[in-house]
Amino acid sequence: MIEERKVVPYSGNMAAAEALRQINPDVVAAYPITPQTEMMHFFADFVANGLVDTEFITVESEHSALSAVVGAAAAGARAMTATAGPGLALMWEILGVASGMRLPAVIALVNRALSSPINIHGDHSDMMGARDQGWIILVSENAEEEYDNLIQAVKIAEDERVRLPVMVGMDGFIISHSIEGVSLLKDEEVREFVGKQRMFHPLLDVEHPTTHGAIAMSDSYMEFKRQQREAMMNAYKVIREVGEEFAALRGKKYEHIEAYKTEDAEYILIVMGSAAGTAKYVVDRMRERGEKVGIIKIRTFRPFPYYDLADAIVASNAKAIGVMDRAETFGGYSGPLFEEVCTALYTRNKFYPIAGLIYGLGGRDCNINHIEEAFDVVKKKAAGEEVPPVTYLNLQV
Amino acid sequence: MIEIRWHARGGQGAVTASKILASSAIREGKYAQSAPDYGAERAGAPLRSFNRVSEKPITLHCLVLHPDIVVVVDPTLLKTVPILEGTSENAVLVINTDKTPEEIRNMLDIKDRKIYTVNASAIAMEEFGKPFMNVPMLGALVKVIENLVSLDSVKEDIKATFGKKVSKELLEANLRALERAYREVKGE
Amino acid sequence: MAQVSDKPKFVTKGEIKVPPIRDLTDSREGIAPGHRLCTGCVAGIILRQMFMAAEAAGYTLVIANATGCVEVCTSIYPHTSWKVPWIHNAFENAAATISGVEAAYKALKRKGMLPSDKKVKFVALGGDGGTYDIGFQSLSGALERGHDFIYVCYDNEAYMNTGIQRSSATPRHAATTTQPAGKVIPGKPQPKKWMPEIAAAHGIPYVAQAAPSHFNDFMRKFIKALNTKGPSYLNVFCTCPRGWRAKEEEGILISRLAVETNYWPLFEVEDGKWKINYKPKERKPIEEFLKKQGRFKHMFKPGNEYLIKELQEDVDKRWERLLKLEQL
Amino acid sequence: MKGWRDLEIGALITEPGNSAEYKTGEWRAWRPVFNRENCIDCMICWVFCPDSSIIVKDKKVVGIDYDHCKGCGICAHECPKSKGDDESKKALVMKPEYLFREED
Chain A
1 MIEERKVVPY SGNMAAAEAL RQINPDVVAA YPITPQTEMM HFFADFVANG
51 LVDTEFITVE SEHSALSAVV GAAAAGARAM TATAGPGLAL MWEILGVASG
101 MRLPAVIALV NRALSSPINI HGDHSDMMGA RDQGWIILVS ENAEEEYDNL
151 IQAVKIAEDE RVRLPVMVGM DGFIISHSIE GVSLLKDEEV REFVGKQRMF
201 HPLLDVEHPT THGAIAMSDS YMEFKRQQRE AMMNAYKVIR EVGEEFAALR
251 GKKYEHIEAY KTEDAEYILI VMGSAAGTAK YVVDRMRERG EKVGIIKIRT
301 FRPFPYYDLA DAIVASNAKA IGVMDRAETF GGYSGPLFEE VCTALYTRNK
351 FYPIAGLIYG LGGRDCNINH IEEAFDVVKK KAAGEEVPPV TYLNLQV
Chain B
398 MIEIRWHARG GQGAVTASKI LASSAIREGK YAQSAPDYGA ERAGAPLRSF
448 NRVSEKPITL HCLVLHPDIV VVVDPTLLKT VPILEGTSEN AVLVINTDKT
498 PEEIRNMLDI KDRKIYTVNA SAIAMEEFGK PFMNVPMLGA LVKVIENLVS
548 LDSVKEDIKA TFGKKVSKEL LEANLRALER AYREVKGE
Chain C
586 MAQVSDKPKF VTKGEIKVPP IRDLTDSREG IAPGHRLCTG CVAGIILRQM
636 FMAAEAAGYT LVIANATGCV EVCTSIYPHT SWKVPWIHNA FENAAATISG
686 VEAAYKALKR KGMLPSDKKV KFVALGGDGG TYDIGFQSLS GALERGHDFI
736 YVCYDNEAYM NTGIQRSSAT PRHAATTTQP AGKVIPGKPQ PKKWMPEIAA
786 AHGIPYVAQA APSHFNDFMR KFIKALNTKG PSYLNVFCTC PRGWRAKEEE
836 GILISRLAVE TNYWPLFEVE DGKWKINYKP KERKPIEEFL KKQGRFKHMF
886 KPGNEYLIKE LQEDVDKRWE RLLKLEQL
Chain D
914 MKGWRDLEIG ALITEPGNSA EYKTGEWRAW RPVFNRENCI DCMICWVFCP
964 DSSIIVKDKK VVGIDYDHCK GCGICAHECP KSKGDDESKK ALVMKPEYLF
1014 REED
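Chains as they are written, first to last, in this note's numbering: chain A, 1 to 397; chain B, 398 to 585; chain C, 586 to 913; chain D, 914 to 1017.
Among the clues, some could well be false.
Reference excerpt, derived from the structure (chain A facing chain D, CB under 8 Å, subset only) [to be verified]:
#	residue
1	GLY100
2	ARG163
3	HIS201
4	ARG226
Honestly, the hints are just simulated from the structure, not real lab data.
Where is the CB? At the ideal position from N, CA and C, for every residue including glycine.
Isolated chain A (complex conformation):
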């Protein structure tokens, strides 16, 4: 039986900080960066008031934040950090270290654009830059999802079949700084759900000394990468299992994708993050006008849910598809999500007209009009009309 939950007015940052408090990690190392800063203010407040047992390391850079998290996770601790945009970029080198060492660390990521020009607002270029660094990537639509995903992330990361770090993204400002109703779990529920961490040859087992972070020459490096690929494939299953387990607690199921009104949809947009919410609203509105539209929201970006996505598209009546990317792949065809969608379909021998749509860079608003414009492009594509390979939405021309 699902109990009535307490709904609180929280920003994304507050929700994430609350998840961290309830998870009560052993070590949190973080460096302030807009728009993540206030998440760490809230958490620091928990530390200062004895509401967590966490060792909070106020490091001098994001690079050191993740470096300390790597040290702590290898030591056997449950370790977390939080960052945004350029902070994640500064961590980049250590992202691969964490995943290569198979450490179950978790980053609460507030998605922010990368410089230059400097911009503090939300887009996915930070996360997409990190997409191939061996981290599991979960993307949240709203504050409650960020909260839920962070709690699940701990369990996913520490699963013996996975042992990979996880980053959980939410759009900077749009989610991180907006107040919404967030339904909270009870402290005991969260603690029971995440459980006590499992240690895999912890560095601090001084009775059994281990060497972490060895150098692997060309005779074994590739084998370790193959192991990581296997772990990612396992993660695909584990994320689903953890989602099901979480559903028993939450009454809301988290899957790799969320197909919204796609069953009979002729035009489908693929969206990730906060814009998915706006897109759902637009779908409802357009359906009132009798238009057969739907969206697919991507929640798991790594491992990418090729099967789920292709299944959902194949099961629909799609005539054409639009892929909305909140990041660029300069010199590529369209955005990173576009490439993944093409791969998902091509490898299933399914071919649909696909339109590339770039939106929301540097926090540029993506409202109802822009989603409708995106559907217009998809419709044109379906009708065989000429559309540019990539359409920038809400661009001043």
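Based on the hints, put chains B, C and D in the right spot on chain A.
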């Protein structure tokens, strides 16, 4: 769904007022959002903040383009920012000014729409000696928009938000300012 | 529940007596042979002396190693030379990494998740590249935060792991692959950065400079650092026969000459108080140190006397400063 | 090397000090030859050996670990009993490795 846009200057507490509004609505079991439109500006620069309040879940995550209500916290913004942008003739304007709604209508040549005014600056100065017009403006807003949130919910939220951070005196001054504006706001 | 606020409470111990080395020969070695350090690499000696001291003081070391010669040569999968917990993360973050390990230790100890009651000390280990240069920021951060650890820099005065490129620890006029002794520019134009004073400026409880040739002094300092609560920084002279173009058997001799010429003074800074541990009765001229090393060969060419003079001036200036610091 | 399924996850090494399996003695061009009769067990060679290759038992030097000794010569160079020219009085003498390899 009701959509609100706040106009203020950085440091005047409009973001906080907008948060309190969303917060109070959520406490009442409604669905609400509060989203500030942050720039790189600092205290003093014009800023906007948005609210959505609804009986049904809100999934929209974008700026409010067509506000049903516009709240102007700082009267000096009346002529400098496009406060009517995106509003329909049915929109409601709640303005901090010492003028009457008619005077504002004539001064800014506003057609249609419903105008309410309240001297929030005076209330703020009288109640706490500082130009924090956000809470009084919230009081006025609650009064003029029926069924948005109740004054009691807002009071509860102000206590929860400020209770730990400010002195008892300041908290009470805020509550007085809220109620005064609630009473003193005038419509045409 | 919550931990007591971690206001650093630094404690240092007074005089330390190092047991005679003969008594240390029974002790377990923390590092196994079979590592791939160059023939005659003095870093191997420094590590062994470090472990001798730890053993004498009853500590188990947990090490975070910056990328560099020692790291690469001791951990080539599937082999490790380490007999203690050891982690390598990256080049520039040994101090940040050990911060995380030390924080994890506190948290797990509190939760009762660490069964062993062994005395543990955290050590970050790096060469001069990982310390003076690329790892400078993370080192400064960790020192300032007051983690309970020892930072050991084995200073061989250039980036040896990548092929003898200059570092900020390279002395004036030394030839490196990125600042070779050319016709126009005779080696590195800038003097050596003085890392120990920078470390000391953090107000940490213990900073020392040591040399493996003077192993009693080094081990005493290492034990002092072990017994210090809070961060310590040790700057250790490390001959690199390959990079310095010196004879493999002369690594310790060169270390001794570095001390005897005042090129590498032995000193310590305990709670802000500077103390020179060894003052040569007759300071040897810098040439004696230089002539053993090919990296200084060009300085002995006719017409280049001024190069030696300038380096001697650097050494004298530093020594005079030390004498003044000692008076504070 | 093992197949990818059998390698330790994340390149972790769980056998402390197993580098001893790797024989760096192969690198040696010069061999330290130890003469027990001249040794005073001062342990200078032991404290300065970069490769843990001076074998000490019961506080006495008993020999050289030729499996790992790289032949740097620091031991002989630093040995207080190995100064001067008279080889017969020295405790450690460096000799070219080929002399011994040919005998093998």
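Do the hints match the structure? See the list:
no. : hint   : verdict
1   : GLY100 : 7 Å, holds
2   : ARG163 : 6 Å, holds
3   : HIS201 : 6 Å, holds
4   : ARG226 : 4 Å, holds
Violation of the numbered hints given earlier is absent; every hint is satisfied by the structure.
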